[in-house]
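*Asks:* Using the sequences plus the hints, can you model the full thing?
Protein chains in written order, with my numbering: chain Y, 1 to 122; chain V, 1 to 122; chain E, 1 to 122; chain S, 1 to 122.
Just so you know, these hints were derived from the structure itself, not from any lab.
Heads up, some of the hints might be wrong.
No distinction is drawn between identical chains; accordingly, a pair holds when it is met within one copy or between any pair of copies.
Pairs of lysine-lysine residues, derived as PhoX-like cross-links and limited to a Cα-Cα distance of at most 20 angstroms, are as follows [what the hints assert, rightly or not]: (1) Lys9 <-> Lys99; (2) Lys6 <-> Lys112; (3) Lys106 <-> Lys6; (4) Lys61 <-> Lys50; (5) Lys61 <-> Lys106; (6) Lys91 <-> Lys9; (7) Lys106 <-> Lys91; (8) Lys91 <-> Lys6; (9) Lys50 <-> Lys40; (10) Lys9 <-> Lys106.
Protein chains: 4
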Amino acid sequence: MDVNEKYFKNISNRERAIFEGAITMGALFHQFIGTPINIKSAESLEKSIKTAMELQPCINKVEIEINRDILKKIENEYEYISLTGEMLDVKVESNFSDKSAVIRLKYISELKYPLMYVEDVD
Amino acid sequence: MDVNEKYFKNISNRERAIFEGAITMGALFHQFIGTPINIKSAESLEKSIKTAMELQPCINKVEIEINRDILKKIENEYEYISLTGEMLDVKVESNFSDKSAVIRLKYISELKYPLMYVEDVD
Amino acid sequence: MDVNEKYFKNISNRERAIFEGAITMGALFHQFIGTPINIKSAESLEKSIKTAMELQPCINKVEIEINRDILKKIENEYEYISLTGEMLDVKVESNFSDKSAVIRLKYISELKYPLMYVEDVD
Amino acid sequence: MDVNEKYFKNISNRERAIFEGAITMGALFHQFIGTPINIKSAESLEKSIKTAMELQPCINKVEIEINRDILKKIENEYEYISLTGEMLDVKVESNFSDKSAVIRLKYISELKYPLMYVEDVD
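*Replies:* As structure tokens, then:
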């Protein structure tokens, strides 16, 4: 079966790039939010999130940065917290045929919300 | 701040509908996969997945069906299993301004894969 | 196979009740943290968390309360947030043979931490 | 505040070790089930699961092995699958004061169930 022919003929290449990048961003957020984290474990978690999410269809590259300033301020006696959307800055680069998109997740203080948007698309 | 003006001017209304629906589908899958489930709890889980995911931006309606045939065949002595993508059939209806999209998640036996695609868009 | 005979002979009935309750509490937290929630969806989510987690081995009853005061204060324009440990107050009642335990999850402000402990056991 | 004095006086050191190990095992399972995985990403995911879960209270060490035989047999065209309990073999070593426990997660074919049990305790 030609999946693209059967299931994706109704959208353009550009729309497909946006579609696949958006799925991966939603997936990333809801898979990993809640993971125990501190300043020492952050790099390992960043790597495995990147590696896991780059497996998804049409994903070229995932860049992720977990906010170290928040992790430095952990004050509870257990010395770790649960990962939240506030700590995440992520770029998902997706590609389909001749089109690509960069989906961004960034916490916008003014909105008090971890916004997902299309940072770049062609 | 006008979020649409600031962050979404580079995509069309149709692309926005696809984008938001896709985020919600990826989110839904990765939030709830792994939840303990059996034939008796399925309806309650369907309702809360629907209610939770309809909160997301630009989502009109979520329809979800967890496969009862799979749940009827549970044979372990604990009488429940973990929710998997194979059991899910989901439609996410998203809308932005004058455009709307239906994103579908369906397990495709031929692909051995829970495929997400754009079922309808205008 | 007699699972209890084969895998659980090395612990007492009381320890088994504690063990199973603790598993379910850890599971509950990490399955549902991150779920979109607001004041209108809270009851539906509470019900399905209860129903799902009561399926686990040796679990009699799950009581869960999602903090409405926090939900009333949501100020972002999307009118929902992600579920966090700070919002949860949960009791998991487990039982094995003649022994039972109540495991509690409660956010302790003084600790800045959602603490899990054995509230009652006999 | 002395947390142990205030919240854990009603259980023995041995029970505390079992309790904390069990929480971490339940947490691990439900945090990471559903993560995209294939043979190339397995090691990175193992490392970050280990690193994350070793942050939890009273956890000495986490050993985790994701079943490579299952990953080698992936046949769908996307060349990855979602992590399931069937693929996991995990040991969580917990310790409190003079007592320690090893909690094990292992898929038991005969039970068709990923069983969690106390492998060792003193």
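*Asks:* Each hint: holds or not?
*Replies:* Evaluation of the provided hints:
With identical chains, the CA atoms of Lys9 and Lys99 are at most 20 angstroms apart both within one copy (15 angstroms) and between copies (18 angstroms). Taking the shortest alpha-carbon separations for Lys6 and Lys112, only the inter-copy value of 16 angstroms comes in at or below 20 angstroms, while the best intra-copy value is 41 angstroms. In this homomeric assembly, Lys106 and Lys6 come within 20 angstroms of each other (Cα to Cα) only across copies, at 14 angstroms, whereas the closest approach inside a single copy is 34 angstroms. With identical chains, the CA atoms of Lys61 and Lys50 are at most 20 angstroms apart within one copy only, with a shortest distance of 8 angstroms there and 24 angstroms across copies.
For the identical chains of this complex, Lys61 and Lys106 are intra-copy neighbours only, at 17 angstroms inside a copy versus 26 angstroms across copies, given an alpha-carbon limit of 20 angstroms. In the homo-oligomer, the alpha carbons of Lys91 and Lys9 lie at most 20 angstroms apart only across protomers (18 angstroms), although the nearest pairing inside one protomer, at 27 angstroms, exceeds that limit. When the C-alpha separation of Lys106 and Lys91 is checked against a cutoff of 20 angstroms, the pair qualifies only within one copy, where the shortest distance is 9 angstroms, while the shortest distance between copies is 27 angstroms. In this homomeric assembly, Lys91 and Lys6 come within 20 angstroms of each other (Cα to Cα) only across copies, at 18 angstroms, whereas the closest approach inside a single copy is 29 angstroms.
Proximity of Lys50 to Lys40 under the C-alpha cut-off of 20 angstroms is found in both arrangements, the shortest distances being 17 angstroms within a copy and 13 angstroms between copies. Proximity of Lys9 to Lys106 under the C-alpha cut-off of 20 angstroms is restricted to the inter-copy arrangement: shortest distance 17 angstroms between copies versus 32 angstroms within a copy.
In summary, this structure violates none of the numbered hints.
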